[in-house]
Structures are given as structure tokens and as C-alpha cells.
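Chains as they are written, first to last, in the numbering used here: chain W, 2 to 432; chain H, 2 to 432.
For the record, the hints were derived by calculation from the structure and aren't laboratory data.
Just to be clear, a hint being listed does not mean it is correct.
Each pair may be met inside one copy or between any two copies, as identical chains are not told apart.
Below, in silico cross-link-like pairs of lysine to any residue (SDA-like), each with a Cα-Cα straight-line distance of 25 Å or less [stated by the list, open to error]: (1) K376 / P123; (2) K232 / L250; (3) K153 / R171; (4) K320 / D430; (5) K179 / R33; (6) K305 / S143; (7) K385 / R401; (8) K170 / G287.
There are 2 protein chains.
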Amino acid sequence: MSEKKRRVPNPNPNSNPKKKVPKAQSHAQSLRSQLQSDASLLASLEKLRLETQQSLLSSSAPRTLSDLNLPSACREVSDRDVSAVQSSIERAVLGMARSILAGRGFSFDVPSRASSNQMYVPELDRIVLRDKCSSRPFANLSTVRKATITAKVLTLIYGVLQRNIHVTKRDLFYTDVKLFQDQSQSDAVLDDVSCMLGCTRSSLHVVASEKGVVVGRVIFTDDGDRIDCTKMGIGGKAIPPNIDRVGNLESDALFILLVEKDAAFMRLAEDRFYNRFPCIIVTAKGQPDVATRLFLRKMKIELKLPVLALVDSDPYGLKILSVYMCGSKNMSYDSSNLTTPDIKWLGVRPSDLDKYQIPEQCRLPMTDQDVKAGKDLLEEDFVKRNKGWVKELEIMVKTRHKAEIQALSSFGFQYLTEVYLPLKLQQKDWL
Amino acid sequence: MSEKKRRVPNPNPNSNPKKKVPKAQSHAQSLRSQLQSDASLLASLEKLRLETQQSLLSSSAPRTLSDLNLPSACREVSDRDVSAVQSSIERAVLGMARSILAGRGFSFDVPSRASSNQMYVPELDRIVLRDKCSSRPFANLSTVRKATITAKVLTLIYGVLQRNIHVTKRDLFYTDVKLFQDQSQSDAVLDDVSCMLGCTRSSLHVVASEKGVVVGRVIFTDDGDRIDCTKMGIGGKAIPPNIDRVGNLESDALFILLVEKDAAFMRLAEDRFYNRFPCIIVTAKGQPDVATRLFLRKMKIELKLPVLALVDSDPYGLKILSVYMCGSKNMSYDSSNLTTPDIKWLGVRPSDLDKYQIPEQCRLPMTDQDVKAGKDLLEEDFVKRNKGWVKELEIMVKTRHKAEIQALSSFGFQYLTEVYLPLKLQQKDWL
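Starting from the given sequences, assemble the full structure and let the hints guide the process.
Shown next as C-alpha cells:
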């Protein structure tokens, strides 16, 4: 950087022109001057989109357990429509009736969801369940309660499907507090039933509350209403809790921008970032909820778009990415429906802290617990498979520095949308 | 109730017809049979809407501090447009320049926000600030830091207004971490600046993240985009963080239904409750955030609609109502812009537990802390003013029972939308 450039008057209205321009600020300006025309940038994004499309097409359908010749050893659930789930329940009940008539009594075969029955399948990049089952006979003191609860949950789900409505776990619990005693008991059996029937929890019409929002270049229907997310103002559209009522996705976006925090989402929405760079912007406002994960997956698969992620530069940001990509352990039986593989880590990455000269005082020291979390991540399969990610994590653990997305505000409130993200896209700086 | 009615076959598909119908279930059915036609119900709601309109018109403009002849003793802030706030900042800076030139030095006069400087004004039904100020001179070791931070925040706000963008408190903090050291320091000074300039925090274009959602019979613009909330599917529209970009409200609703929890919101949205009973349904998903409070107030004032609240039957549900109605203590200087007076308590009320025969096992025992919170509420002015509320709270504290909205699911998942709420509206059962 030339001495001359450093003396360029600071266009930032917040800074005092008489004060010597700090080094970091001047670096920020020089980065701004590196930005090329939007057209060249869009061309490279178009290329990324085509690559994503091709990779999705060449792998044909997303890989399944049965492609791997280990179906009998593992178990996954899939999305099923109302009548298919109802038939499954009817078959299960008929089977039990026959068993009773044959004098063998009434019992459920329930897949085990214990961690000893879980396994990571590298080919799928997902955690799945092994096929261990346990019997839950009615005529046994130690299982009679659970067998009764299982029968009750099956009855309730059948009723919900018949009315074609959606309910929450809490609603289920309240239908028979005397029997369930505690919500954790009906919740656990609900997961059992999902595994037993081989269908997702959303297929059972039991939904979690939504907290995600979406804005940008996507149109879809929510329960029949056509939603155009370029016309959702700054607040955006709340992501619907019931993914089975979402359909007819259309988009001219080049990529999906997955954002960890709502503050960054708000900045992007207010600056209508998606008008300059055609994209769809999504956030779950922190820890991803089921509805947002389902929605992201649906968009990626149906629209065949690359997903770029903007998270804090700390172990927690990466853990959030891992939940989107590989699922969480307690819902491993549902991992194939909830996960979005191949998310690119755009930023904020540990190497960005120096590259973008984030001021020392905006970097936060990592606690011992943070460092431990970082080291634990280095042992995770989904990190190890990506050398770039390993390198970044090693920088994080070595420097013991973390930074939030908002640390970029130190160069001006709109630095994120005007310089940082455009430059990242221009340089194809994702991993 | 006649013996004959009790023998009516149970239409609930979830229950076993051979089993004796439990008393509570049979009571639920008898309540269902009390429902009149929707037309008669709508007429009574129309009457409520007219009453609300008249009471809003007869009180002319909402009462202000100056109506009460105590303006010098109290201080409130109001919504101001960008240029008005900029002028205030310019005047403040000019005043300081003159003070320096006159040899009196550089100092801020900052209103005290301590609880000793707060007071409840019964005529307004709001907490306001008294007019105690403290001086914050630059040339004093104990105040030089705070004076510098105040000057910096004024500069930042001026820049934000000039660009006509919105930022979060966290963004502000990151612009100068070295100076602010800790976000609580920039946050506190931001509140000071709001009081000093006499304008709301939203007028300063500093926004909090939104978490509320809205669905139903209202159309508004969000940053120029026209949003029709009857066409927002089940997910609803996320309430925008920046209320100053919300405008052009239109509605044919008869009332606003304020819901504490998102599970109840989802049930109402999926059943399209607003199509049967024209209303606008709003929730902040728990503790109300600033954006939802501003949005509710704007709707109530501009559309002149009654607000009916559906909260859990526990002290916490009532506390949430109090935040909507009277504000929270730490933002008392902004109470007139954030509060929505005259919210009717529709349910779930302590007396409903017996009236609707909520089964014993769906009622939760109150902890000692709950009971104390209930007793504390009985001492609050906003409760004392409403005899019906006092009576309800006394029932709660005496029976030591609380219940969630979802306890109504014990009579069927759609009991809330098909029986409980219609019956409440029919009986004008709000306080």
C-alpha cells in the first residue's frame, strides 16, 4: 500500500478528519478500492451456482443408506405423506391385533436411540442409527407404562393426521397429563414412534416453534399463500413451522447466504443486499431450529443453489455450521432430512482477523472452555474432511482470538455489505 | 346439564367410545353446544370495536404529561423524524461550543434514570421520569470518560441518521471498543442520549432484534413493500425491527388478539381463526420485545381496535401484560411510546380453570416464588385499578394453581379455536 493512499481523506463521516487515520481504517479503505465491478463478481457467482447444480445432478439423487449396501445395519427416517403414515400406523395396529389373537401378546419393537446405537457414516457425512431394537411388551411390569404411552401417542398422531392439522410436543403432552406425567416422557416416545414408523417428526405433523426468518430472491407458497421474499420489507418472512405446507419454490438467486445472527441479517435486509447480489438470506437467530434446517435443506435441494455461511469466528459459530451440515446427535435418526451438506464457510474466519486487520480491541480473548471446544472440533470428522477448515481452526486455537460478525462495524456500519462480503465473493474466498 | 346430554357420543376421534366419558370431557361438550351462531358473536365484537373507537376519540389525543400540568416535574421522550433529531444534536453541539467560548467549559446535562427519579402517574397509567438532571463535565476526572462516550455516541447517531440506516446497540459498541470497553457502557449512554434529546431510541435509529410475528386481517408497508397478513401462510410475517419504516396500516378486523406464546399463535394461524372472527393475531413469543410493543401500539392507535390478550394463567402471564400496558422500569423515560393502555384480559384466567373444568392434572402447582410474584402483583397500581383483575389474582394466589394456554389441549387440539375462544367472545368474557 503506497504512502499516498494512506493520506486519502477518510470518507467515513464518523471519523474526525484532523485525527491521523488509524492503520486499520486505512487498510479498510484500501480493501474497498480493490473491489471490481459487480458484473465480474456476478459471473464468478454464476459459475459457483452451475458447479453446485452439476455436483447435485451428477450425484443424482442424494446418497442414501441403501446406496452404501449397509441398509440392514442402519436406520433412517424419511418424509412421508399423510396417507402413507396413516397406513403405517394401521399396519402396526393390525400386526399387534394378530399377535394378540395368536396368543403372543401385545408388544412394540422400538429402535434404540442410545449413543451406542449411533454412528457417523463418512460417505453420507451424517450421523445415523444402527438397527438395534428393543421389545416393549405390554404384559411386563417394567415396560407396561411405556407400551401404554406408545399406544396413546400412536392414537393421537392418527387423529392429528386425520384432521390434517399440526400440533406441538407440548400440545401432545397436555392431552393426557395423567398418563404422560412429564413432557419428557411423551417427547421420548414421540421420537420412538418416528423411528418405528420410519418417518420424520414433521410427517407426524408434530412441529417445533419457528424462529427463523428469510428475505431475498425466493418465492414460495406457505399453506397456499404465495410469498415473494423480495417484498417482505426489512423484517422478512417468518419461516413456517410446518415444512410440508411449503412448496412451489422459485428463485433467480445465485446463492443462499446463511447468517448466524439477526443483527447481520437486519443489516443485509435493510441494505437490500440481495438486489445487488441475487441471493436468499436466511437466519435462525443463533442455534438452528428444526424449521429453519428443514427450510434451508428444501431450498438447497429444490433450487440447487450453493450455500455460503456467515458466522462468528469462534467455536460456537462452527458448531452451528455443523448442526446445519451434519445434524445434532439426539436427532440422528432424522439426520438425512434435516441436514444440508456442502455448506461453504465464507466468514468470519480466523484468518480474516488479520487479513481484514480487525482492530485488536474488537477481538475477544478465548476462554479455556472456548479453546477446548475448538480443539474438540479439530477431532470431528466433518472438520477433518476439509483441510481449509482444519487450518482455520488451528489459527483460532493458536491465536486464542475470537470475533463476532459485528466486529466489522469498527470500519463503519455498512462495511459488511459494502466491502467485506463483496470482496469475499469477488475473491471466491470460501472454504 | 341433563343426563341425556352426558350420553351424547363423544365426537372427539381421540377418545375411546367404549370408555366412560370423563366428567371434564363431557363438560367440554356441553360448552361446545352453548355456542351461538357466528353472526351474533360478530355483532358483539363490532360493538366492542365501536366502544374502543369512541373512547379513543373522546379522550382526543392520548393524554400527555403536559395535559396534567406537571411537565416541569417529569420527562418523557417522543418519536421524532430524522431531521428533527439531527437538529437537536446540532443545537446541543452548538450550545457546547458557545459554553466553551464563554469560558464555562464543555459539559452535558444528563437526566437521571435512577429508580429514585421514576414515578408512576395514575392519570397516564405509565411510569415516567422526574426531571432530576446531573452534570457531566469534560474537565473532571470522575466524568471525563462518560462525557467522551456521550460525545462519541452523539457523533455516531448523527452519522447513522445522515445515512438513513438502522443499527443495533452491538454495532454501536463495536465502532470503538477501546473507548467503550464494555457494551453496557455504550448502552447506558445511548439511553442517556435518548433522554437528553427527548426522543425515542427508535428515532435514534438504534433498533433491537425482532422476534414477534403477526398474521391476520391487517395490511401495512414495511420499507415500502406492501404486506397483506392474511396471505402470510401459517408462519406469519416477522414484525420489522424498525417501526419508522412501517406505515399505511389498513384493516377490517374487529379486534387484535395478543397471544403470549407461539404454540397458540401457530394453532390460531393454522386454523385461520382470523377468517371466522376478523382479527389481527400478534405474539412476541414470550417476554415482549421493543419491536413488538411498538408495533402493537401503532396498530391500536392507528386502527383504533380493542386488544384482547391470551396469556398463561400464572403471574408471569400477567407480568407480560403489564409490560405491554405500563412498560418496564428500565425504559420508563420511553413509556408513552412503548405502552398500549387498555388491554383486556381475555384468558386464560384463574377463574377459567374451574369454569372450563381444566382437569386437575393439567393444572400446575405454584411454587412459593410464584405465589410471592402473584402477591406482589396485587400491590401494583395497574392491577389495583381493575377490580376484576384483583379478584382473578386472589383466586390464583388462594388456589395456588397455574395453567398454560396449552392445557386446553386436554379437550382436543382445536378446542382453543373452536370452543374456548368463541365462547369467551360470545360471553364478552374479558376484564
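Cross-check of the supplied hints:
no.	hint	result
1	K376 / P123	within (20 Å within a copy, 58 Å between copies)
2	K232 / L250	both (15 Å within a copy, 16 Å between copies)
3	K153 / R171	within (15 Å within a copy, 48 Å between copies)
4	K320 / D430	within (20 Å within a copy, 49 Å between copies)
5	K179 / R33	between (64 Å within a copy, 24 Å between copies)
6	K305 / S143	neither (49 Å within a copy, 60 Å between copies)
7	K385 / R401	within (20 Å within a copy, 55 Å between copies)
8	K170 / G287	both (22 Å within a copy, 17 Å between copies)
The earlier numbered hint that this structure contradicts is number 6, and it is the only one.
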